[in-house]
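Asks: Produce the entire structure from the sequences given, and follow the hints as far as they go.
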Amino acid sequence: MPQAQQTAQAAQTMIGQANPTAIMFFVLFVLITLGITWWAAKRTRTTKDFYAAGRSITGFQNGLALAGDYMSAASFLGIAGLVSTKGYDGLIYSVGWLVGWPIVMFLISEPLRNLGKYTFADVVAYRLNQRPIRAAAAAGSLVVVLTYLIAQMVGAGTLIKLMFGLPFELAIVITGGLMISYVLFGGMIATTWVQIIKAVLLLGGATLLVILTLNKFNFSYTNLFNQAASATPLGQKFLEPGGLVTSPIDAFSLGLALMFGTAGLPHILMRFYTVPDAKAARKSVFVATGFIGYFYILTVTIGFGAAVLVGQKVITGIDAGGNMAGPLLAEALGGNLFLGFLSAVAFATILAVVSGLTLAGASAFSHDLFVGVIRRGQASEKDEVKVAKIATVGLGVTAILLGILFKGQNVAFLVGLTFAIAASANFPALVMSIMWKKFTTAGAVTSIYTGLIVAVILLILSPTVWVDIVHKSEAAAVTKQVKTIEEAVKAKTAEIEKQKLPGLDPARVAEIDAAIAAVKKDAEPQIKTAKEQMPKAIFPLKNPGIYSMFAAFFVGILVSLMSPDKVAEAKFEGEKLREYIGIGAED
Amino acid sequence: MSSKKSVHEILEDEDFKSLSAQKDSISITLTILELVLYFGFIALIAFNKPFLAQKMGGEGATTIGIPIAVGTIIFSWVFTGIYIFWANSKYDSLVRKVKDKVGG
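One line per chain: the protein sequences are A and B, in this order. First residue of the first sequence? That's 1 in this note's numbering, and the numbers climb one at a time after it. First residue of the second sequence? That's 588 in this note's numbering, and the numbers climb one at a time after it.
Treat the hints as calculated values from the structure; they're not laboratory data. There could be a bad hint or two in this list.
[Claimed, not checked] If you want a taste of the chain B side facing chain A, the calculated C-beta under 10 Å gives, among others:
no.: 1; residue: Lys610
no.: 2; residue: Phe628
no.: 3; residue: Ile629
no.: 4; residue: Lys636
no.: 5; residue: Leu639
no.: 6; residue: Ala648
no.: 7; residue: Trp664
no.: 8; residue: Ser676
Beta carbons: idealized from backbone N, C-alpha and C, even for Gly.
Replies: Following this line, the structure appears as structure tokens:
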């Protein structure tokens, strides 16, 4: 594809510079969303408006908003990049991001809507002691929100710097400022519409990019894959599972965290309170799952397309992680106009996700901590909204500061941590409170803290943090030493190899080969000794999900059985009635 | 029979029992199917990479692993569709029936 490669070469000069088209599209998006926020502000008075958009969002709208809340710029740019550089392994990763949604539908969405009011803590605390449960659930929510916010903010700064040529700090301040404005003035109504608009733009932009890509392959996926296999250095291996999944238990652990973490994300759970009833909640999951699944299929197609039409060299030349594969492909196929549009969409994508997170954090702070714990359930609507707004500003400023503080740090582990905590601290307590009659206050509180603490500690001790971050320099030194030895061996063997002149006596050739083998063998113990110096993680798995989640379930069950609570058991009947048929559900 | 029943009476009601039993069995069955689908896929990657690396046949480079991965995404969505179909066609009418009995 010489023509495409030429275009891609030209792309090298455009990305990373201030792009007027991108800025124009972005300003347009900001004006529209701020207009909506102004409109929403007039409709945001009560707690029900602020947290739940007055429960006026339809099932279909909420499905789009859920998709907008969930599809991050990191997954759009990151998965396309991973596919373009690693091929099939990127596809494996994208599947993991979808499979939590059916679990949300079958186990969580309807009971959550029927039993709760604004936060998932409402459901856990339904028949248990309010204060300890709300304190624990708020801790789980806030840790998830903060870790995910830091990951999103640092990603935002890096991506916006790459795409718009803006300084990192300015990008974070703009993101944080807009996010605070949406949530502070427009609450859930503005946040919902920002998410809906973003979902439509992102799905539309990705669809167009895929159509333009497939057009180059006569709309045949077979053609695309054939060329992907021949255009990349990995060859046929590009279409096969590779090194991403090495240990089965590691894969299983990450899979569990992704699957059940999705069902424990506070900003996702909160969205089920924006619809009028359980039927609409259920419909919104169906719509969201469809759009998100479609989106991942598009993203994977974009990744394979970029590998062929842009080329891996150009992609990794601009960003080693491959994050610019999608924008580069857009520029190659649709010129500067399309690149500008897609860059603005990526910015909008980040804004929609961080706004949802901030609102979820503010609600945990205000509804659970302030009203539930400090005021023991006695607070006026006015006070609650006021505290939620103060929390919004507080969280927003914290996110901006932490984002700047973590500049240049590897924050990829934070996404894994977010899902591991959500799967361990939030999901087990939520599901047991819905399904298990004998669940008690002590069981719930210990389950939440166990999941939270075990997930955090194990992740710190895991290779992801212990080796890659804490002992980064030692690990790098070992890798360098091994490389030096290997290069020395290579140089030596190449020198010997030179003696192999054409027409040489076969016996002599065998001697030379033996000499090469001897050099290689001599180096083996050296390499082995060097590798033994490699810092080892105390906990072997990259994602702690499997242990932290089972620990949370185990402790929750054990403690509940040891502390029977007749009052909570008696209330289970009423909970069951409300859970299944929605009598008494908040309207 | 009075028009309004106590919580306990409704829970003992045959219609409510059948409603909650049906809902539980559908939810649990579909959850297990989803777990089998996804962790089956993960197990293939972990234990049988050569199976996924097989070519689809013919001249193409496309491997069996690609439709299996995309199929996992599509089937996950189909499962949510099955649940919606069941809930809209059966569950909602059962709920209405029980609600009528409560008088709510």
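Asks: Tell me the hint numbers this structure goes against, listed in increasing order.
Replies: Failing hint: just 8.
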